[in-house]
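Residue-level listing of the chains:
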Amino acid sequence: MNLLLRIADILSILGHYPSFILAYIIETLIVIIFAVVVIAGMVFFFRKYMARVQMRLGPNRVGKGGVLQVMADGLKLIQKESILPEGRDDLAYKIAPILIFFGLIMGFIFIPYGPLAWFGYLTVSHSDVSLIIIFALLAIMPIGEVLSGISSNNKYAVLGALRGVAKDISFEVPMMLSILAVVMMASVKVSDPLNINGVVVAQSIPFAILEPLGFFIFLISMAARASYSPFDMGESDSELVTGNTTEYSGLRFGLFYLGLFGTIFLGSMLISTIYLGGYYGPFTNYLGFIWLLIKTLVLVVISLTIWLSMPRVRIDKFVNFGWKYLLPLSFINLIITGIIIFGGIA
Amino acid sequence: MIEIKEVKEPKRIPILGSVMGMFTVFKHLFQKPVTVQYPEVRGEIADRFRFRVYLSTDDCVGCTLCEQVCPNLSITMMTLDKENQRNKRRIYPTVNFGTCTVCRNCEEICPTDAIYLKDVFETARTKNNFLYSPTDLEKSEDEVRR
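Residue numbers (this note's numbering), protein chains in the order written: chain G, 476 to 821; chain D, 19 to 164.
Check each hint, because a few of them may be wrong.
[To be verified] Output of the computed footprint for chain G on chain D, the stretches with three or more beta carbons under 8 angstroms from beta carbons of chain G:
id: 1; segment: 112–123
id: 2; segment: 137–150
[To be verified] Here are the simulated lysine-lysine pairs, PhoX-like style, with alpha carbons at most 25 angstroms apart:
id: 3; chain 1: G; residue 1: K630; chain 2: G; residue 2: K569
id: 4; chain 1: G; residue 1: K523; chain 2: D; residue 2: K45
id: 5; chain 1: D; residue 1: K45; chain 2: G; residue 2: K799
id: 6; chain 1: G; residue 1: K539; chain 2: D; residue 2: K29
id: 7; chain 1: D; residue 1: K50; chain 2: G; residue 2: K523
id: 8; chain 1: D; residue 1: K45; chain 2: G; residue 2: K792
No lab work stands behind these hints: they were computed from the structure.
Quick caveat, the model's predicted, so the values are computed rather than measured.
Just so you know, even glycine gets a beta-carbon here, dropped at the ideal spot from N, CA and C.
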């Protein structure tokens, strides 16, 4: 039983096809609402966490304990005038924030959320190659970054976009290689290792224990994908104003901002599904989703701690690190995984 | 001859430093925030903190020493119609808090201790000057605002 069938069951008075069509629409709406609420929660959590780590109080005036501060900020961003720079590439300028947000929301659809009590499995969309689809969708976001950079007609934006591209290229190859190791490992146990649900099912022992090197590489890659502090070369707020988002204001800037926090959450979710056993835990048939959320939250706290404790790496150092250390390490990880598989440990 | 000792640098383990830094950052989460929510919560004021100038017109002898010692001319003398045997000229200091730097010279030099400072500091007003007449200086801040 899964969420779709439950909703269709409730709507079954309407007849078979209409009820399923409506159920699909409702399920999609639920995911979008979930994503937006989670991202807003992330923004609030980040501000509160940063404040407490710096021994401040953080937002505490709007609503109880400042909960509505994010809503207030969102409303402010919507009301603001969107200032368009002169000499911009109009279509690219306007489409860039939408691309970033689109890639993010689509990423949420293929995550295996696991079962939750009466609702059953919450996974929205199934595919035999969902692992590849997710990374293809995540690869849309850098395109938005580049488009926003080159279309703003601003030197800081171009520099930020160039740095962002250099960063993206240098960590994406090791990231995909570490995913390849995961697929190799999963293929021993399940028939559909490219399905992200299959990867979760294959983890009777979490892959983080079996291949810690791959886990480390993937953690760094996800930090670089979300581009927060040690890897925020695209933004570089002390040198390049705010990098590729310099010329954006109002709602469009808000979309970039949501994109950043959403990627942190999505990245943490991906790490916990691929390496930490996803929805597996005690009482997994009832509390699977809760387990996924707990693992994700722990990873989010770790990510935010990394963000708040580390200075930015210089761009050439990170490119060096990506090609000279991460790439060989990921090849070594592949070899180790091969040995483990043939040794029959997994 | 001076012997130069070679300083041995401690062995550096990669990543460990970063992890320890992260741990230090995380530890701060459990410390009490230092922010004081001012209008609702009053923070502690230091024992010797002083701001507001008070004047006791009964004790003032009108010697003008405070006016002479004031470094930025915040104190000027003003005649006040008040019967006081010790103050024949009937002049009393007025204080402009807009320029007062709280150097406390007036308090120190006053021969009769007529001028003294207290730790009241909330002197914000809607009126566009901070000139306190001798009668204002006698009253508490709440009464002046009224």
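In rising order, the numbers of the hints this structure does not comply with: 1, 2, 5, 6 and 8
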